[in-house]
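Undergrad: Chain by chain, the residues run as shown.
There are 2 protein chains.
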Amino acid sequence: MNVNIRPATRVDCKDISRMIMELAVYEKMPDQVKITCEELERDGFHQNPFFECLVAEVPEENKDDFTTVGFALYFYIYSTWKGRSMHLEDLYVMPQFRGFGIGKSLLNAVAQVAKEKRCARLQLNVLDWNTASRDFYAAKGAQDLTVEEGRHLVRFDGQSLENLANETPKN
Amino acid sequence: MNVNIRPATRVDCKDISRMIMELAVYEKMPDQVKITCEELERDGFHQNPFFECLVAEVPEENKDDFTTVGFALYFYIYSTWKGRSMHLEDLYVMPQFRGFGIGKSLLNAVAQVAKEKRCARLQLNVLDWNTASRDFYAAKGAQDLTVEEGRHLVRFDGQSLENLANETPKN
Numbered sequence: 001m002n003v004n005i006r007p008a009t010r011v012d013c014k015d016i017s018r019m020i021m022e023l024a025v026y027e028k029m030p031d032q033v034k035i036t037c038e039e040l041e042r043d044g045f046h047q048n049p050f051f052e053c054l055v056a057e058v059p060e061e062n063k064d065d066f067t068t069v070g071f072a073l074y075f076y077i078y079s080t081w082k083g084r085s086m087h088l089e090d091l092y093v094m095p096q097f098r099g100f101g102i103g104k105s106l107l108n109a110v111a112q113v114a115k116e117k118r119c120a121r122l123q124l125n126v127l128d129w130n131t132a133s134r135d136f137y138a139a140k141g142a143q144d145l146t147v148e149e150g151r152h153l154v155r156f157d158g159q160s161l162e163n164l165a166n167e168t169p170k171n
Numbered sequence: 001m002n003v004n005i006r007p008a009t010r011v012d013c014k015d016i017s018r019m020i021m022e023l024a025v026y027e028k029m030p031d032q033v034k035i036t037c038e039e040l041e042r043d044g045f046h047q048n049p050f051f052e053c054l055v056a057e058v059p060e061e062n063k064d065d066f067t068t069v070g071f072a073l074y075f076y077i078y079s080t081w082k083g084r085s086m087h088l089e090d091l092y093v094m095p096q097f098r099g100f101g102i103g104k105s106l107l108n109a110v111a112q113v114a115k116e117k118r119c120a121r122l123q124l125n126v127l128d129w130n131t132a133s134r135d136f137y138a139a140k141g142a143q144d145l146t147v148e149e150g151r152h153l154v155r156f157d158g159q160s161l162e163n164l165a166n167e168t169p170k171n
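Protein sequences, first through last, are from chains H and R. Just so you know, my numbering puts 112 at position 112 of the first sequence, and the rest follows in order with no gaps. Just so you know, my numbering puts 30 at position 30 of the second sequence, and the rest follows in order with no gaps.
In this list, chains with the same sequence are indistinguishable; a pair is considered to hold if it fits within one copy or across any two.
In silico EDC-like cross-links for lysine to aspartate or glutamate, where the CA-CA straight-line distance does not exceed 16 Å:
| # | residue 1 | residue 2 |
| --- | --- | --- |
| 1 | Lys-82 | Glu-41 |
| 2 | Lys-28 | Glu-148 |
| 3 | Lys-104 | Glu-57 |
| 4 | Lys-115 | Glu-52 |
Think of the hints as simulated: they come from the structure by calculation, not from any bench.
Generate the whole structure from the sequences, applying the supplied hints.
TA: So this is what it looks like as structure tokens:
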């Protein structure tokens with residue numbers, strides 16, 4: 001399949017927003033999605049964007065109501081051991097367009113941006129039960145740091161973050 | 001103990017660099033640290049810094065060769081479900097200054113910045129065997145997403161990132 005990978009623009013946010021929800025449904029947590037198309041436009045396409053995004057599109061003859069069939073959304077992070085790095089937040093290809101190497105093309109393009117921007121690392125999160133994704137990244141040479149080094153992801157949100165910010169520690 | 005928490009400046013990088021190495025020794029991976037004091041100065045204290053940092057300092061009468069005894073280094077990330085969020089990369093207090101609530105004060109101050117900057121979440125990584133840290137964050141209300149949702153951290157670096165960037169996918 002002839003696939004074109006290009007940086008997303010503001011007008012892609014409608015497609016990206018739709019695919020974010022499709023991915024959340026696949027990950028069995030659709031009720032977690034609070035972000036809107038307008039917020040993506042505001043957060044990703046001003047002067048100091050909070051993220052960058054690539055989209056994958058296929059020519060019209062292969063499309064099924066959509067030209068844009070996948071996306072990769074990433075941003076820059078920092079390692080106090082290695083320096084500037086990249087986090088790949090989402091990599092998604094619509095189910096009916098899987099098996100044509102579009103996910104691989106998106107991942108390669110993200111890695112190229114990471115190298116251009118002198119990132120030492122490219123990291124991402126995968127769900128334990130998602131063996132298709134885990135096998136895909138492992139086959140490409142990724143290390144699973146949760147398995148190999150015992151790294152856990154820990155999070156404060158909602159009330160726990162509020163409590164933390166309002167707490168006055170005893171000195 | 002009377003502790004002062006303040007934003008780091010460029011001149012703090014020598015202390016931060018020293019404490020990054022102390023933390024890596026504690027985490028049993030000191031050979032992983034490649035970052036230098038000069039790189040921290042360049043990466044954290046230009047116009048669009050890659051990270052922000054708070055330091056904890058104690059008055060001279062309590063110091064043991066150091067006035068700066070702890071730090072918290074963080075940066076902004078993005079959730080496609082919740083929007084702008086914060087990642088706490090390192091939280092460290094020198095061993096001889098632990099037990100006085102300095103770590104809690106640093107964490108509270110980081111959470112306050114997160115709220116001011118309208119971050120929906122504050123996240124971090126902990127090592128499986130570091131039960132002191134895991135218990136500390138759990139007691140503050142954090143969720144362990146590796147345990148609760150099966151989230152794994154996966155990473156490309158060095159040769160695997162190079163290979164990914166150089167690969168030309170078959171279409």
